[in-house]
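As you go down the protein sequences, you meet chains A and B in turn. Mapping of the first sequence onto numbering that gives the first Met the number 0: position 68 corresponds to residue 67, and the numbering continues sequentially without gaps. Mapping of the second sequence onto numbering that gives the first Met the number 0: position 118 corresponds to residue 117, and the numbering continues sequentially without gaps.
Rather than coming from a laboratory, the hints here were simulated on the basis of the structure. The model shown is predicted, which means the values in this text are computed figures rather than measured ones. Just so you know, not all the hints are guaranteed correct.
Unchecked claim - Below, in silico cross-link-like pairs of lysine to any residue (SDA-like), each with a Cα-Cα straight-line distance of 20 Å or less: (1) A:K330 with B:L71; (2) B:K149 with A:R301; (3) A:K281 with B:A2; (4) A:K330 with B:D69; (5) A:K281 with B:A164; (6) B:K149 with A:L64; (7) B:K67 with A:L320.
Claimed, not checked - A few chain B residues that don't get close to chain A, going by computed Cβ distances all over 12 Å: (8) A16; (9) G174; (10) R329.
Virtual Cβ for every residue (Gly too), placed ideally from N, Cα, C.
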Amino acid sequence: MSKTDLTRRGVLRSGAIGGAGLALPTIFTASSASAFTNEPTGDTVTLGFNVPQTGPYADEGADELRAYELAVEHLNGGGDGGMLNTFSSKALEGSGILGKKVEYVTGDTQTKSDAARASAKSMIEKDGAIMITGGSSSGVAVAVQGLCQEAGVIFMAGLTHSNDTTGKDKKANGFRHFFNAYMSAAALAPVLKNLYGEDRKAYHLTADYTWGWTQQESIAAATEAMGWETVENVLTPLAATDFSSYIAPVLNSGADVLVLNHYGGNMVNSLTNAVQFGLRNKEVNGKNFEIVVPLFSRLMARGAGENIKGIVGSTNWHWSLQDEGSKAFVKSFGTKYGFPPSQAAHTCYVQTLLYADAVQRAGSFNPCDVAAALEGFEFDGMGNGPTLYRAADHQCFKDVLVVKGKENPTSEFDLLEVVEVTPAAQVTYPPDHPMFAGGQLGSCNPGA
Amino acid sequence: MDAILLQILNGLDKGSAYALIALGLTLIFGTLGVVNFAHGALFMIGAFCAVTMQRLFGLSFETVDPDKTDFLGNPLKVKTPYLESWFGPEVGGALIDWSVPLAILLAIPVMLIIGYVMERGLIKHFYKRPHADQILVTFGLAIVLQELIKHYYGANPIQTPAPEALAGVAQLLPGVVYPIWRIVYFCFAVLIIGAVFAFLQFTTFGMVVRAGMADRETVGLLGIDIDKRFTLMFGMAAAVAGLAGVMYGPINAPNYHMGMDFLVLSFVVVVVGGMGSLPGAVAAGFLLGILESFASTTWATTTIPGINQIIIYLVAIIILLTRPRGLMGRKGVME
Numbered sequence: 000m001s002k003t004d005l006t007r008r009g010v011l012r013s014g015a016i017g018g019a020g021l022a023l024p025t026i027f028t029a030s031s032a033s034a035f036t037n038e039p040t041g042d043t044v045t046l047g048f049n050v051p052q053t054g055p056y057a058d059e060g061a062d063e064l065r066a067y068e069l070a071v072e073h074l075n076g077g078g079d080g081g082m083l084n085t086f087s088s089k090a091l092e093g094s095g096i097l098g099k100k101v102e103y104v105t106g107d108t109q110t111k112s113d114a115a116r117a118s119a120k121s122m123i124e125k126d127g128a129i130m131i132t133g134g135s136s137s138g139v140a141v142a143v144q145g146l147c148q149e150a151g152v153i154f155m156a157g158l159t160h161s162n163d164t165t166g167k168d169k170k171a172n173g174f175r176h177f178f179n180a181y182m183s184a185a186a187l188a189p190v191l192k193n194l195y196g197e198d199r200k201a202y203h204l205t206a207d208y209t210w211g212w213t214q215q216e217s218i219a220a221a222t223e224a225m226g227w228e229t230v231e232n233v234l235t236p237l238a239a240t241d242f243s244s245y246i247a248p249v250l251n252s253g254a255d256v257l258v259l260n261h262y263g264g265n266m267v268n269s270l271t272n273a274v275q276f277g278l279r280n281k282e283v284n285g286k287n288f289e290i291v292v293p294l295f296s297r298l299m300a301r302g303a304g305e306n307i308k309g310i311v312g313s314t315n316w317h318w319s320l321q322d323e324g325s326k327a328f329v330k331s332f333g334t335k336y337g338f339p340p341s342q343a344a345h346t347c348y349v350q351t352l353l354y355a356d357a358v359q360r361a362g363s364f365n366p367c368d369v370a371a372a373l374e375g376f377e378f379d380g381m382g383n384g385p386t387l388y389r390a391a392d393h394q395c396f397k398d399v400l401v402v403k404g405k406e407n408p409t410s411e412f413d414l415l416e417v418v419e420v421t422p423a424a425q426v427t428y429p430p431d432h433p434m435f436a437g438g439q440l441g442s443c444n445p446g447a
Numbered sequence: 000m001d002a003i004l005l006q007i008l009n010g011l012d013k014g015s016a017y018a019l020i021a022l023g024l025t026l027i028f029g030t031l032g033v034v035n036f037a038h039g040a041l042f043m044i045g046a047f048c049a050v051t052m053q054r055l056f057g058l059s060f061e062t063v064d065p066d067k068t069d070f071l072g073n074p075l076k077v078k079t080p081y082l083e084s085w086f087g088p089e090v091g092g093a094l095i096d097w098s099v100p101l102a103i104l105l106a107i108p109v110m111l112i113i114g115y116v117m118e119r120g121l122i123k124h125f126y127k128r129p130h131a132d133q134i135l136v137t138f139g140l141a142i143v144l145q146e147l148i149k150h151y152y153g154a155n156p157i158q159t160p161a162p163e164a165l166a167g168v169a170q171l172l173p174g175v176v177y178p179i180w181r182i183v184y185f186c187f188a189v190l191i192i193g194a195v196f197a198f199l200q201f202t203t204f205g206m207v208v209r210a211g212m213a214d215r216e217t218v219g220l221l222g223i224d225i226d227k228r229f230t231l232m233f234g235m236a237a238a239v240a241g242l243a244g245v246m247y248g249p250i251n252a253p254n255y256h257m258g259m260d261f262l263v264l265s266f267v268v269v270v271v272g273g274m275g276s277l278p279g280a281v282a283a284g285f286l287l288g289i290l291e292s293f294a295s296t297t298w299a300t301t302t303i304p305g306i307n308q309i310i311i312y313l314v315a316i317i318i319l320l321t322r323p324r325g326l327m328g329r330k331g332v333m334e
């Protein structure tokens with residue numbers, strides 16, 4: 000007589016063990032085929048360049064793509080080697096990455112989060128991209144960074160300036176070389192104090208999305224700390240094209256400074272409108288009325304034309320820097336394309352080299368090994384002086400430039416002049432700073 | 000009080016652009032019965048006529064300045080515009096400075112031709128097709144035109160400054176200043192609108208067109224080639240949109256998606272004014288422009304957050320619910 004002992008707990012336990020047993024061969028198959036997402040098995044490795052090829056930032060995206068192509072050329076041993084010659088790490092030898100020739104695929108973010116995620120997903124799943132890089136908007140960067148974390152690939156952010164990218168939305172698989180809104184504000188505040196004094200009333204116009212919010216919060220905090228008063232902060236729709244209705248109230252607000260927390264086409268239009276309304280020639284509270292644009296780029300300055308003259312802002316990098324790394328990059332890029340690179344091109348080029356170098360030093364394409372090689376990595380020769388990739392939040396800390404629209408430009412590229420190079424120490428903040436709180440880096444995901 | 004005056008002026012200015020685009024849209028809908036989604040693109044092409052004129056006037060030859068170097072350390076090439084070398088810096092410089100208003104001379108024939116070719120080459124094949132087909136084909140055309148402009152001019156906005164003499168601000172009242180070019184734009188819009196109305200009202204051509212708008216078949220039976228006149232009206236509507244674009248450049252730098260930015264709002268203007276009603280389109284353009292301006296004030300945005308983004312649609316809903324034919328629409332249309 001057989002004895003059966005069927006209990007609910009027993010059945011569940013047996014089921015779980017049986018299920019695990021059945022699944023075991025699959026796990027072994029999976030791990031033996033690939034230890035991580037898109038592990039390169041041939042003699043090439045594919046990188047995914049996800050840039051805005053259409054939409055309002057398409058010019059910026061085109062410059063990013065040029066930089067990526069140049070970086071691939073240099074990694075594969077072509078051209079003059081650019082910043083590989085000045086980079087303090089000598090792990091890369093111009094023979095690809097870990098001996099594999101570098102290939103790339105491109106995607107179009109359209110400066111829309113959904114489109115950017117879709118193109119990144121396609122590059123990872125269909126093209127086998129092992130690293131995704133690019134972007135020209137913080138909304139896009141945050142979205143793609145999240146996707147890369149889930150997919151188990153490294154995301155080397157391109158142009159993204161919101162505090163949130165390495166703040167509340169930071170991810171273990173995401174890394175940012177570009178500076179952020181806090182750093183802009185920390186660099187700008189002392190210069191603004193010197194130029195315009197401590198007793199000022201500021202009126203803010205702010206783009207109504209993640210970048211604008213953190214930019215405004217940062218610049219308001221930094222200027223209020225030195226004595227400025229924030230009179231008003233008005234959020235403007237990202238789709239706005241005519242800012243005259245927002246500028247007109249500034250005239251009678253009692254403010255003597257207008258801070259434009261706008262970027263791209265928004266900034267070009269709001270600055271143009273502000274100049275049209277005579278704000279630059281206005282006198283309020285016995286002082287000259289001033290306009291501040293916290294984040295500048297040369298491409299944007301070109302769009303703003305004459306209106307940019309004398310306006311102060313910050314930038315991550317500028318082609319007129321005279322360090323060896325910057326000179327090498329400008330020579331390389333300028334010879335190939337006939338004009339100097341933008342800050343977007345610079346950060347994207349550097350991110351590609353930094354990724355390749357980390358793989359080379361780690362001796363593995365495994366994203367977790369790469370992340371470990373990037374965390375706490377200190378380097379030089381890439382254009383902004385000694386730089387640290389901080390382990391706690393994957394944010395780079397380096398010198399920040401304060402620039403001013405040039406009064407007498409000699410050419411269409413010579414639009415900004417560097418008025419101050421703010422040392423990295425002055426813009427560094429603790430990882431748990433309130434403006435960056437609320438998120439967790441989590442742990443690295445190798446996927447597969 | 001000053002703030003209210005400024006917002007009214009801003010509204011009239013925005014309304015000028017809306018009204019001019021809506022006027023062209025209504026002309027096309029009223030004559031041909033076509034819903035033209037490429038109309039915003041025509042506005043954009045007008046603006047790029049000004050960009051082109053500015054570039055033509057700025058064409059220059061390069062001379063090397065041995066004392067200065069470019070970004071690669073090579074001797075700097077300095078550009079001198081041909082106009083300045085031919086007419087001297089004063090006359091040549093002045094011509095370059097006035098390139099935007101002078102672009103009207105370029106825009107009128109260009110826009111008439113584009114309008115004519117568009118109607119004869121594409122639109123006429125869709126007269127008897129449903130409105131949905133017309134919308135699809137004209138929207139597709141708008142995207143093609145937009146991409147062509149992006150390909151040749153880039154994605155960045157391109158500054159087209161007003162002549163220096165019209166670039167400053169005018170003192171309207173003690174303590175109230177307003178940009179001169181915006182006043183010029185408003186006056187220009189009023190002039191164009193007046194000219195279109197006068198043309199339709201006081202010329203034989205206009206009278207026939209109006210008769211054709213009311214009863215196309217009867218006019219045709221009288222032996223008048225109404226189709227040809229309607230084609231010319233299409234060209235004229237394109238020219239109105241183009242001229243609105245030319246003069247808009249100094250207000251906001253032209254870019255390749257400016258047409259799309261205006262298109263949807265202009266359609267709302269047309270519907271609110273009453274489909275097919277020219278005075279309705281103009282009145283609604285100015286009305287919605289002013290309302291949008293007031294909705295963007297700090298008082299409005301803090302009282303009702305987001306009102307600046309929805310005001311036009313909110314007003315459209317209210318008007319269409321209470322008066323489906325729009326402010327001045329004919330009975331039976333949209334009702």
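Taking the hints in turn, this is what the structure says about them:
For the given pair, A:K330 sits about 6 Å from B:L71 by alpha-carbon distance, which is consistent with the 20 Å threshold. Between B:K149 and A:R301, the direct Cα distance comes to roughly 16 Å. Compliance with the 20 Å bound is thereby established for this hinted pair. Distance check on the hinted pair: A:K281 and B:A2 sit about 17 Å apart at the alpha-carbon level, within 20 Å; holds. Simply put, A:K330 and B:D69 have alpha-carbon atoms about 11 Å apart, close enough for the 20 Å limit, and the pair holds.
Under the criterion of a C-alpha separation no larger than 20 Å, the hint pairing A:K281 with B:A164 is consistent with the structure, at around 19 Å. Simply put, B:K149 and A:L64 have alpha-carbon atoms about 17 Å apart, close enough for the 20 Å limit, and the pair holds. Only pairs whose Cα atoms come within 20 Å are accepted, and B:K67 paired with A:L320 is accepted, the gap being roughly 17 Å. B:A16, annotated as away from the interface, has a beta carbon of chain A within 12 Å; the closest lies near 8 Å.
Look at B:G174: its CB is around 8 Å from the nearest CB on chain A, not clear of 12 Å, so calling it non-interface is violated. Every C-beta of chain A lies more than 12 Å from that of B:R329, the closest at about 32 Å, which supports listing it as non-interface.
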